[in-house]
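Novice: Those protein sequences? They're chains A and B, same order as listed. Take the first sequence: its letter number 111 is residue 111 in our numbering, and every next letter is one higher. Take the second sequence: its letter number 65 is residue 65 in our numbering, and every next letter is one higher.
Derived by calculation from the structure, the hints in this document are not laboratory data. Every value quoted in this text rests on a predicted model; they were computed, and no experiment measured them. Backbone N, C-alpha and C fix where the C-beta goes; we use that ideal spot for every residue, glycine too. One or more of the hints may lead you astray.
Facing chain A, from chain B, some residues (calculated, C-beta under 7 angstroms) [what the hints assert, rightly or not]: (1) Gly40; (2) Gly42; (3) Gly63; (4) Ser94; (5) Phe97; (6) Phe101; (7) Ser103; (8) Thr108; (9) Val110.
Quick list of in silico lysine-lysine cross-link-like pairs, DSBU-like style, CA-CA up to 35 angstroms [unchecked claim]: (10) B:Lys3 - A:Lys16; (11) B:Lys55 - A:Lys3; (12) B:Lys18 - B:Lys57; (13) B:Lys70 - A:Lys70; (14) A:Lys38 - A:Lys16; (15) A:Lys3 - B:Lys18; (16) A:Lys70 - B:Lys13; (17) B:Lys13 - A:Lys38; (18) B:Lys53 - A:Lys3; (19) B:Lys53 - A:Lys38; (20) A:Lys70 - A:Lys16; (21) A:Lys3 - A:Lys16; (22) A:Lys3 - B:Lys3; (23) B:Lys70 - A:Lys38; (24) A:Lys38 - B:Lys71; (25) B:Lys18 - B:Lys3; (26) A:Lys38 - B:Lys57; (27) A:Lys113 - B:Lys55; (28) B:Lys53 - B:Lys70; (29) A:Lys70 - A:Lys38; (30) B:Lys18 - A:Lys16; (31) B:Lys55 - A:Lys70; (32) A:Lys3 - B:Lys70; (33) A:Lys38 - B:Lys55; (34) B:Lys13 - B:Lys71; (35) A:Lys38 - B:Lys18; (36) B:Lys3 - A:Lys70; (37) A:Lys113 - A:Lys3; (38) B:Lys13 - B:Lys70; (39) B:Lys13 - B:Lys53; (40) A:Lys113 - B:Lys53.
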Amino acid sequence: AQKVTQAQTEISVVEKEDVTLDCVYETRDTTYYLFWYKQPPSGELVFLIRRNSFDEQNEISGRYSWNFQKSTSSFNFTITASQVVDSAVYFCALGSGNTGKLIFGQGTTLQVKP
Amino acid sequence: DVKVTQSSRYLVKRTGEKVFLECVQDMDHENMFWYRQDPGLGLRLIYFSYDVKMKEKGDIPEGYSVSREKKERFSLILESASTNQTSMYLCASSWDFRYTFGSGTRLTVV
Chain A
1 AQKVTQAQTE
11 ISVVEKEDVT
21 LDCVYETRDT
31 TYYLFWYKQP
41 PSGELVFLIR
51 RNSFDEQNEI
61 SGRYSWNFQK
71 STSSFNFTIT
81 ASQVVDSAVY
91 FCALGSGNTG
101 KLIFGQGTTL
111 QVKP
Chain B
1 DVKVTQSSRY
11 LVKRTGEKVF
21 LECVQDMDHE
31 NMFWYRQDPG
41 LGLRLIYFSY
51 DVKMKEKGDI
61 PEGYSVSREK
71 KERFSLILES
81 ASTNQTSMYL
91 CASSWDFRYT
101 FGSGTRLTVV
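Put together the whole structure using the sequences plus the hints.
Specialist: Okay, here's the thing in structure tokens:
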């Protein structure tokens, strides 16, 4: 069975702190994709990153970075020097197979206080 | 700008009503999906379709049906709305796992 677990339900930090959002996944497929989405208060899901299972290189995009480790089935997301605009719900998701389905984690609500 | 459009942002319906949630995409995507989002549960897949007139059950199809008569339109139907179907409903289309989501419909069943 496929599963995505985001153990952190809510995180609260003060602006400029670094914060890491955890994501652990389960799949028996050898080819799969991992995603992070941001859902701000407006409600629309915003795509942040997609990684495939053969690419374990970490990625950095501005203040955002992602750490993909197949050995621990984790795909963690770090925001450096957090800002109030980072306040949102963040979802990790797993996709595999030919149906195009995504399996989402429970989501982590991040609150960044000024 | 490519889009997935959901017809209603907010909807209030009575228990027992038949409810239609409409979703239209302009990207010529084969795959379309309906998810519901509830606090603490994330997004759960209700139904999806990978071609016109084709549909597959997701993880929580009970109480729902879907219709895909045209490639660009995927409708979610609540045959007899119940209060436990009060939720945020998100439609998406995709190609090669590249998803575009609609803005969501917040449905309240009273």
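Novice: Now tell me, hint by hint, if it's right for this structure.
Specialist: Checked hints:
Evaluation of the Gly40 of chain B hint against chain A yields a held restraint, the C-beta minimum of about 6 angstroms falling below 7 angstroms. For Gly42 of chain B, the interface hint holds, the least distance from its beta-carbon to any beta-carbon of chain A being 4 angstroms, beneath 7 angstroms. Annotation: interface hint on Gly63 of chain B violated; nearest CB of chain A at approximately 20 angstroms, more than 7 angstroms. The closest approach between the C-beta of Ser94 of chain B and any C-beta of chain A is roughly 5 angstroms, which is under the 7 angstroms cut-off, so the hint is satisfied.
Interface restraint check for Phe97 of chain B: the shortest CB-CB distance to chain A comes to about 5 angstroms, inside 7 angstroms, so the restraint holds. With a cut of 7 angstroms, the hint placing Phe101 of chain B at the interface with chain A holds, because the nearest CB-to-CB distance is about 4 angstroms. For Ser103 of chain B, the interface hint holds, since its Cβ comes within 7 angstroms of a Cβ in chain A; the closest pair sits about 5 angstroms apart. Interface restraint check for Thr108 of chain B: the shortest CB-CB distance to chain A comes to about 15 angstroms, outside 7 angstroms, so the restraint is violated.
Evaluation of the Val110 of chain B hint against chain A yields a violated restraint, the C-beta minimum of about 21 angstroms exceeding 7 angstroms. A distance of roughly 34 angstroms separates the Cα atoms of Lys3 of chain B and Lys16 of chain A; the hinted pair therefore holds under the 35 angstroms criterion. With a C-alpha separation of about 22 angstroms, the suggested pairing of Lys55 of chain B with Lys3 of chain A holds against the 35 angstroms cut-off. For the hint linking Lys18 of chain B to Lys57 of chain B, the alpha-carbon distance of about 20 angstroms falls within 35 angstroms, and the restraint holds.
Restraint check for Lys70 of chain B and Lys70 of chain A: the C-alpha separation of about 40 angstroms exceeds 35 angstroms, so the hint is violated. Distance restraint check for Lys38 of chain A and Lys16 of chain A: the Cα-Cα separation of roughly 19 angstroms lies within the 35 angstroms cut-off, and the hinted pair is therefore satisfied. Straight-line distance between C-alpha atoms of Lys3 of chain A and Lys18 of chain B comes to about 32 angstroms, which keeps the hinted pair within the 35 angstroms bound. For the hint linking Lys70 of chain A to Lys13 of chain B, the alpha-carbon distance of about 46 angstroms lies beyond 35 angstroms, and the restraint is violated.
With a CA separation close to 29 angstroms, the supplied pair Lys13 of chain B and Lys38 of chain A stays within the 35 angstroms bound. At roughly 29 angstroms between alpha-carbon atoms, Lys53 of chain B and Lys3 of chain A fall within 35 angstroms of each other, so this suggested pair holds. Distance check on the hinted pair: Lys53 of chain B and Lys38 of chain A sit about 32 angstroms apart at the alpha-carbon level, within 35 angstroms; holds. Distance check on the hinted pair: Lys70 of chain A and Lys16 of chain A sit about 30 angstroms apart at the alpha-carbon level, within 35 angstroms; holds.
Pair hint Lys3 of chain A plus Lys16 of chain A holds up; C-alpha atoms about 32 angstroms apart against a cutoff of 35 angstroms. Straight-line distance between C-alpha atoms of Lys3 of chain A and Lys3 of chain B comes to about 29 angstroms, which keeps the hinted pair within the 35 angstroms bound. Between the alpha carbons of Lys70 of chain B and Lys38 of chain A the distance comes to roughly 30 angstroms, so the proposed pair stays at or under 35 angstroms and holds. For the proposed pair Lys38 of chain A and Lys71 of chain B, the alpha carbon gap of about 28 angstroms is at most 35 angstroms, so the pair holds.
A distance of roughly 27 angstroms separates the Cα atoms of Lys18 of chain B and Lys3 of chain B; the hinted pair therefore holds under the 35 angstroms criterion. Of the pairs offered as hints, the one joining Lys38 of chain A and Lys57 of chain B holds, with about 26 angstroms between alpha carbons and a cut-off of 35 angstroms not exceeded. For the hint linking Lys113 of chain A to Lys55 of chain B, the alpha-carbon distance of about 44 angstroms lies beyond 35 angstroms, and the restraint is violated. Between the alpha carbons of Lys53 of chain B and Lys70 of chain B the distance comes to roughly 8 angstroms, so the proposed pair stays at or under 35 angstroms and holds.
Straight-line distance between C-alpha atoms of Lys70 of chain A and Lys38 of chain A comes to about 23 angstroms, which keeps the hinted pair within the 35 angstroms bound. This hinted pair does not check out: Lys18 of chain B and Lys16 of chain A have alpha carbons roughly 49 angstroms apart, beyond 35 angstroms. Distance check on the hinted pair: Lys55 of chain B and Lys70 of chain A sit about 33 angstroms apart at the alpha-carbon level, within 35 angstroms; holds. Restraint check for Lys3 of chain A and Lys70 of chain B: the C-alpha separation of about 32 angstroms stays at or below 35 angstroms, so the hint holds.
A C-alpha spacing of about 28 angstroms is found between Lys38 of chain A and Lys55 of chain B, which places the hinted pair at or below 35 angstroms, so the restraint holds. The straight-line distance between the Cα atoms of Lys13 of chain B and Lys71 of chain B is roughly 28 angstroms, inside the 35 angstroms bound, and the hint therefore holds. Among the hinted pairs, Lys38 of chain A with Lys18 of chain B is consistent with the structure: their alpha-carbon atoms are about 32 angstroms apart, no more than 35 angstroms. Annotation: proposed proximity of Lys3 of chain B to Lys70 of chain A holds, straight-line Cα distance about 34 angstroms (limit 35 angstroms).
A C-alpha spacing of about 31 angstroms is found between Lys113 of chain A and Lys3 of chain A, which places the hinted pair at or below 35 angstroms, so the restraint holds. Straight-line distance between C-alpha atoms of Lys13 of chain B and Lys70 of chain B comes to about 26 angstroms, which keeps the hinted pair within the 35 angstroms bound. Taking the CA atoms of Lys13 of chain B and Lys53 of chain B, the gap is near 27 angstroms; set against the 35 angstroms cutoff, the hint holds. Only pairs whose Cα atoms come within 35 angstroms are accepted, and Lys113 of chain A paired with Lys53 of chain B is rejected, the gap being roughly 48 angstroms.
When each numbered hint is compared with the structure, violations occur for hints 3, 8, 9, 13, 16, 27, 30 and 40.
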